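A.B. asks: Now for the letters of each chain:
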Amino acid sequence: MAVRISPREITPEHVYLNRRAFLKVAGSALLTGTLAACGVQPQTQTPARTPVPGKTDELGDPITPYEITSNYNNYYEFSTDKRAVARLAKDFPTDPWTIEVTGLVKRPFKIGLEDLLRAFPQEERIYRLRCVEGWSVVVPWQGFPLAKLLARAEPTSEARYVRFVSIYKPEAMPGQRKYRTFPWPYTEGLRLDEAMHPLTILATGMYGKLLPPQNGAPVRLVVPWKYGFKSIKAVVKIELVATQPKTFWNTVAPHEYGFYANVNPNVPHPRWSQATERRLGESGRRPTLMFNGYEEEVAYLYKGMDLRENY
Amino acid sequence: MARHPARWFRWLGHGIAWTPLAWLLLEAYLGRLSPNPIQDWTQRTGRGALYLLTLSLAATPLSWHPRLRWIRPWRRTWGLYAFAYAVLHVYLFVGVDYGWRWDWLWQEILSQKPYIWWGLVALLILTALAATSPKAVARRLGARRWKALHRLVYLAAVLAVWHAAQAVKGNVLALRGDIYRPVAVGLVVGALLLARVVRRGLRHRAFVRFVKKRFATSPPP
Ligand code: HEM
Numbered sequence: 001m002a003v004r005i006s007p008r009e010i011t012p013e014h015v016y017l018n019r020r021a022f023l024k025v026a027g028s029a030l031l032t033g034t035l036a037a038c039g040v041q042p043q044t045q046t047p048a049r050t051p052v053p054g055k056t057d058e059l060g061d062p063i064t065p066y067e068i069t070s071n072y073n074n075y076y077e078f079s080t081d082k083r084a085v086a087r088l089a090k091d092f093p094t095d096p097w098t099i100e101v102t103g104l105v106k107r108p109f110k111i112g113l114e115d116l117l118r119a120f121p122q123e124e125r126i127y128r129l130r131c132v133e134g135w136s137v138v139v140p141w142q143g144f145p146l147a148k149l150l151a152r153a154e155p156t157s158e159a160r161y162v163r164f165v166s167i168y169k170p171e172a173m174p175g176q177r178k179y180r181t182f183p184w185p186y187t188e189g190l191r192l193d194e195a196m197h198p199l200t201i202l203a204t205g206m207y208g209k210l211l212p213p214q215n216g217a218p219v220r221l222v223v224p225w226k227y228g229f230k231s232i233k234a235v236v237k238i239e240l241v242a243t244q245p246k247t248f249w250n251t252v253a254p255h256e257y258g259f260y261a262n263v264n265p266n267v268p269h270p271r272w273s274q275a276t277e278r279r280l281g282e283s284g285r286r287p288t289l290m291f292n293g294y295e296e297e298v299a300y301l302y303k304g305m306d307l308r309e310n311y
Numbered sequence: 001m002a003r004h005p006a007r008w009f010r011w012l013g014h015g016i017a018w019t020p021l022a023w024l025l026l027e028a029y030l031g032r033l034s035p036n037p038i039q040d041w042t043q044r045t046g047r048g049a050l051y052l053l054t055l056s057l058a059a060t061p062l063s064w065h066p067r068l069r070w071i072r073p074w075r076r077t078w079g080l081y082a083f084a085y086a087v088l089h090v091y092l093f094v095g096v097d098y099g100w101r102w103d104w105l106w107q108e109i110l111s112q113k114p115y116i117w118w119g120l121v122a123l124l125i126l127t128a129l130a131a132t133s134p135k136a137v138a139r140r141l142g143a144r145r146w147k148a149l150h151r152l153v154y155l156a157a158v159l160a161v162w163h164a165a166q167a168v169k170g171n172v173l174a175l176r177g178d179i180y181r182p183v184a185v186g187l188v189v190g191a192l193l194l195a196r197v198v199r200r201g202l203r204h205r206a207f208v209r210f211v212k213k214r215f216a217t218s219p220p221p
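So the sequences go chain by chain: U and A. Numbering-wise (my numbering), the first sequence opens with residue 1 and increments by one. Numbering-wise (my numbering), the second sequence opens with residue 1 and increments by one.
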């Protein structure tokens, strides 16, 4: 299967290096695409304010400015106010960080962030992200295919789904304290073939920098043909399971947010149409594309399925 | 000599009514709106409409207080402001957000749970009330019919609250999500309606007679 989005070289001058030592190492890995600690001098630079001119997604739409994508975040662990998240998440501790891959696998393992960045070379993917609320952005992510991580654990033949769990840390996440009626921690799920799809990545950076906390640092899922809420942030656990796992929004409002949550202009949300969207940074609206424009790559996954039933 | 409160309140009353718009304009000017400014505008003018409508409903119960009788005419003024905000709210949605693309709008409206419809009915009511608000029109209509028509303001308020409750993210019935605003306004509107019902009940003749009889049979203290 051909993937249109080819990994591109990461522009070194946009690598933002964090103060913390381990992140320096990680940053160098990001920078060079090789093992860290090979003498690359960390350059401390202020993040670029605007994207590289001329950079677009494969449809020719420009990358959304960093100031927008890093200041407009649906992240209820911090706040329901999309603009308050960046401030509230500023000091969210992401060091140390461990991801556990477990469940129906032959080789369960735990991996620290540093090792993760070393073990899996980071590539750039410019993806559209379409929020279920009806807005969208174009983001240059750095990450690696989730398939590689899963392959390492060797899923058993019973494994049919992948369950993702986000961090539960109420002392650092005010939303987890404030919105008590939500089923924390945030969980998500994919069918195994969706999780293994080459477009599905785990992202550790964006715009050539490490992920800022408000965008899901240090590691998040990105599934570009599904509504944004599927792309779970701050992942700590990835579990292979036999049956369709419960997911956060599907538990909160089952009629509004399905398990599949594929971007689909023809299947409205119960309270609004999904036929159009606002691209942040533009005025007015534009039509929403089937599978968010990734139809060619992913439609086969849903052949014969009623997408109205399986919203 | 202290001026009658009705006089200085004129400034305050209009000031309150202009505040949501002035604030929105100021923030837009300072570049402090969100990366999704059209949504800011739509939501905040909608809220402005609802707040003014609520204020308009509050004027009458406030005026029951002997020293606040002068506030009664403000129900009309604030009601007209509410109408103006609602028109702006809908214009932003239809004209700016959707750019008058009726095909897209139609899709949006058809695919909905009826929250857009509740908004539309509320807007139609407010339009009818605004249209019959000039004294000449009211006189032509006759007091009884005018009164009956203007009772619809309660319905408009309830519909607007419900419209807002369904527009925000979250689930009002489960008290989950971003729902404190519509719930708060809903409680205020409910209290204002209840105040009227209670007062009517209290004034009801049969009720008065009932009370009198009770007190007539018992020995005077
Ligand atoms: C044809 C009539 C109307 C239409 C099409 C309409 C449309 C909308 C839309 C699309 C939203 C959602 C905005 C968003 O979250 O992006 C909304 C929210 C809202 N509308 Fe309306 N509306 C109408 C009439 C009214 C009226 C008459 C009122 C009040 C008197 C009103 C008050 C509100 C309020 C308070 C909100 C919630 C804003 C918030 O806090 O998020 N609307 N309306």
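One or more of the hints may lead you astray.
Where chain A lies over chain U, by a calculated footprint (3+ residues, C-beta under 8 Å) [said to hold, decoys possible]:
#1 68 to 80
#2 276 to 284
Cut-off 30 Å, straight-line C-alpha distance, at most; resulting in silico cross-link-like pairs (BS3-like, lysine-lysine) [as the list claims (entries may be wrong)]:
#3 237/U - 90/U
#4 55/U - 110/U
#5 148/U - 178/U
#6 169/A - 169/U
#7 106/U - 178/U
#8 148/U - 106/U
#9 169/A - 178/U
#10 246/U - 169/A
#11 237/U - 212/A
#12 110/U - 237/U
#13 90/U - 213/A
#14 106/U - 55/U
It should be emphasised that the hints constitute simulated quantities derived from the structure, not laboratory data. Predicted, not measured: the structure shown is a model, and the values here were computed from it. No residue lacks a Cβ here, since even glycine has one placed at the ideal position from N, Cα and C.
A.B. asks: With a cut-off of 8 Å between beta carbons, are at least three residues of the region 276 to 284 of chain U near chain A?
C.D. replies: holds (count 6)
A.B. asks: Can you confirm whether the C-alpha distance between residue 148/U and residue 106/U stays at or below 30 Å?
C.D. replies: Holds - the C-alpha atoms of residue 106/U and residue 148/U are around 15 Å apart, at most 30 Å.
A.B. asks: Please verify whether residue 237/U and residue 212/A have alpha carbons no more than 30 Å apart.
C.D. replies: violated, 73 Å
A.B. asks: Examine the region 68 to 80 of chain U: at least three residues should have C-beta closer than 8 Å to a C-beta of chain A.
C.D. replies: holds (count 4)
A.B. asks: Quick one, are residue 169/A and residue 169/U close enough, alpha carbons at most 30 Å?
C.D. replies: Satisfied, since the Cα-Cα distance of roughly 24 Å is no more than 30 Å.
A.B. asks: Are the Cα atoms of residue 246/U and residue 169/A separated by 30 Å or less?
C.D. replies: holds, 21 Å
A.B. asks: Is residue 90/U within 30 Å of residue 213/A, Cα to Cα?
C.D. replies: violated, 70 Å
A.B. asks: Does residue 178/U sit within 30 Å of residue 148/U, going by the straight-line distance between their CA atoms?
C.D. replies: Answer violated: residue 148/U to residue 178/U is near 37 Å, above 30 Å.
A.B. asks: Are residue 169/A and residue 178/U close enough, with their CA atoms no more than 30 Å apart?
C.D. replies: holds, 16 Å
A.B. asks: Starting from residue 106/U, check that the Cα of residue 55/U is at most 30 Å away, please.
C.D. replies: violated, 42 Å
A.B. asks: Measure nothing beyond the straight line between the CA atoms of residue 110/U and residue 237/U; if it is 30 Å or shorter, mark the hint as holding.
C.D. replies: Answer holds: residue 110/U to residue 237/U is near 9 Å, not above 30 Å.
A.B. asks: Given the hint that residue 55/U pairs with residue 110/U, test it: the Cα-Cα distance must not exceed 30 Å.
C.D. replies: At roughly 36 Å apart (the allowed maximum being 30 Å), residue 110/U and residue 55/U break the hint.
Checked against the numbered hints above, the structure breaks hints 4, 5, 7, 11, 13, 14 and satisfies the rest.
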